[in-house]
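One line per chain: the protein sequences are A, B and C, in this order. All letters in the first sequence, in the order written, are residues 0 to 215 by numbering that gives the first Met the number 0. All letters in the second sequence, in the order written, are residues 0 to 242 by numbering that gives the first Met the number 0. All letters in the third sequence, in the order written, are residues 0 to 57 by numbering that gives the first Met the number 0.
Note that these hints are calculated values from the structure, not bench results. As the structure is a computational prediction, the values presented were derived from the model and not from experiment. Every residue gets a Cβ at the ideal spot worked out from N, C-alpha and C, and that includes glycine. Where hints are given, some of them may not hold.
Footprint (simulated), chain B over chain C, 3 or more residues, beta carbon under 8 Å [stated by the list, open to error]:
id, region
1, 2-10
2, 24-35
3, 43-51
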Amino acid sequence: MFRFLKIESFKLFYKLKSWLGPMLIMILVLTAFPLSIDISQFDLEKFYFSIIVVSLLMTSFLATEGMFEEDFEDGSLEQEFLVEQDFYKIVLSKIFVYVCFIGVPIAFIGAIFSFANGVAIGSFMNVFFLLSLSNLLLFNLFAFGNALSINKGAMLGVITTLPLALPVIILLGTAIRSIQYEDGFLEISSLMIGVGFLISAIMPLIISTALKTHID
Amino acid sequence: MISAFIHKFSSPKSFVKITKTLYPFLIFIGLSMLIVGWVWGLLFAPQDAVQGNSYRIIFLHVPAVIYAELIYFFMALCALMHLVWRVKLAAYLIKSAAPIGAMITFIGLFSGSVWGIPTWGTWWQWDARITSTLILFIMYLGILTLHGSFSNLEKSDRLMSILVVIGVVNIPIIKKSVDWWSTLHQPASISVSGGSSIDPSMLYPLLISIIGLGFTLISLGILSSRSYILGREKNKKWVSEYV
Amino acid sequence: MFDLAFNNLNEILAMDGHGVYVWSVYSIAISIIVASFLIAKNKIKGVKRKIKIKNAPS
Chain A
0 MFRFLKIESF KLFYKLKSWL GPMLIMILVL TAFPLSIDIS QFDLEKFYFS
50 IIVVSLLMTS FLATEGMFEE DFEDGSLEQE FLVEQDFYKI VLSKIFVYVC
100 FIGVPIAFIG AIFSFANGVA IGSFMNVFFL LSLSNLLLFN LFAFGNALSI
150 NKGAMLGVIT TLPLALPVII LLGTAIRSIQ YEDGFLEISS LMIGVGFLIS
200 AIMPLIISTA LKTHID
Chain B
0 MISAFIHKFS SPKSFVKITK TLYPFLIFIG LSMLIVGWVW GLLFAPQDAV
50 QGNSYRIIFL HVPAVIYAEL IYFFMALCAL MHLVWRVKLA AYLIKSAAPI
100 GAMITFIGLF SGSVWGIPTW GTWWQWDARI TSTLILFIMY LGILTLHGSF
150 SNLEKSDRLM SILVVIGVVN IPIIKKSVDW WSTLHQPASI SVSGGSSIDP
200 SMLYPLLISI IGLGFTLISL GILSSRSYIL GREKNKKWVS EYV
Chain C
0 MFDLAFNNLN EILAMDGHGV YVWSVYSIAI SIIVASFLIA KNKIKGVKRK
50 IKIKNAPS
């Protein structure tokens, strides 16, 4: 397990595009939105969160693009299958590494921007925590999409899994409103933690089934 | 034992032959019931006290959205059969049911939004049912795109089945989450189901058109699955004999 | 229960101003369903023709 984590981190670290790109896009989208619409700071506070949520969605499917593609093309996925007979561990560690190196920084950027747009500094940690959690959910789902579409481009993966990601968006929206209105944050965040554990345990199983279909 | 039973009755050959004999009866029942239901509903059923005559869209809208979901559940059942017992016919049925599902979901969405113009004053509302129907429509199209993008058809059958099974878990979740989300923050908006106590003079044509549309869609499914099965198995011996 | 809800053809078409919605929805839905039946029948024909050409003794 630890071996996989180390390999995947190294692989990701040397692919500058796939971890720096999503962060830059997140920043650019969050900057572009207030520029594109002429509104005062006061109005911005009310719905800036929805922009953060949607750009989180966008960047997470950009970040997971080609997650399994290179491994599939250069044959290392097949080799791994011959050794391990299963992809559960490798998928689990891959998603974990992606969430740690891309998901959490993106969530941090989102939290900073929401703080810059009028959310009280006290709830910074709450927002950061929520965004990271929803990134965990989204990365799992989009990894599934990428496993389905493997070398047919990210668009196919997005089309097939974006409908599955909508409940996550709804959940995140509710959670963020609970921060704004200071009501029921604990319940919703514990629900999200539960769902996160469940999905990150089950999803690698489904993803490895899909990957096996591609191999044989 | 179960798998032996399923494999015996799921050969594409016997499916095509059995459905070919059933097709005339099904299409006759379906179309005649549909005509009876719609003529009754459109011309003979009394006017609704609240919505006036625009409620007559119900005889198209309700059957359509019922089958929009039922077809997906049917596909999920087939997907499970395909994944567990590797029944080829199940995958063929999914592939030929998906366009029909997309079509009927589109009809449901379209009729619903047109119905919304005179009754709600708006053609779209982010209500749980409407949103989940829209997502269902996108899911049908996603399934079709996924199946169309691999050259190895066996592989795309299996991938499609995986996606269908994952998607069926998602339908109730989407519905519940939108419901929960919207009831939390906006006052209960219009419920699509209308009155709870529906008058028999409206209920009977509705039931008849629901059953009629069901038979019509089954016979459409028979036609489209026949062409798909013949196309997929074109190198088999029985197909050349059949043609 | 089986009385006509309308008096004449014009009333049926107008439906108290809601006729536009009702009749447009029904006509579009019916044409979609009919079109899909025709497409399916055509497809069967095309597939059969292809198989026949393939199997024809040359």
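Checklist entry - For the region 2-10 of chain C, do at least 3 residues have a Cβ located nearer than 8 Å to some Cβ of chain B? => result Since three or more residues must qualify, the claim that chain B covers the region 2-10 of chain C holds, with 4 doing so at under 8 Å.
Checklist entry - Checking C-beta pairs, does the region 43-51 of chain C have three or more residues closer than 8 Å to chain B? => result Since 7 is at least three, the answer is holds.
Checklist entry - Do three or more residues from the region 24-35 of chain C put their C-beta atoms closer than 8 Å to C-beta atoms of chain B? => result With 7 residues close enough to chain B, the hint holds.
Of the hints listed earlier, there is not a single one the structure fails to meet.
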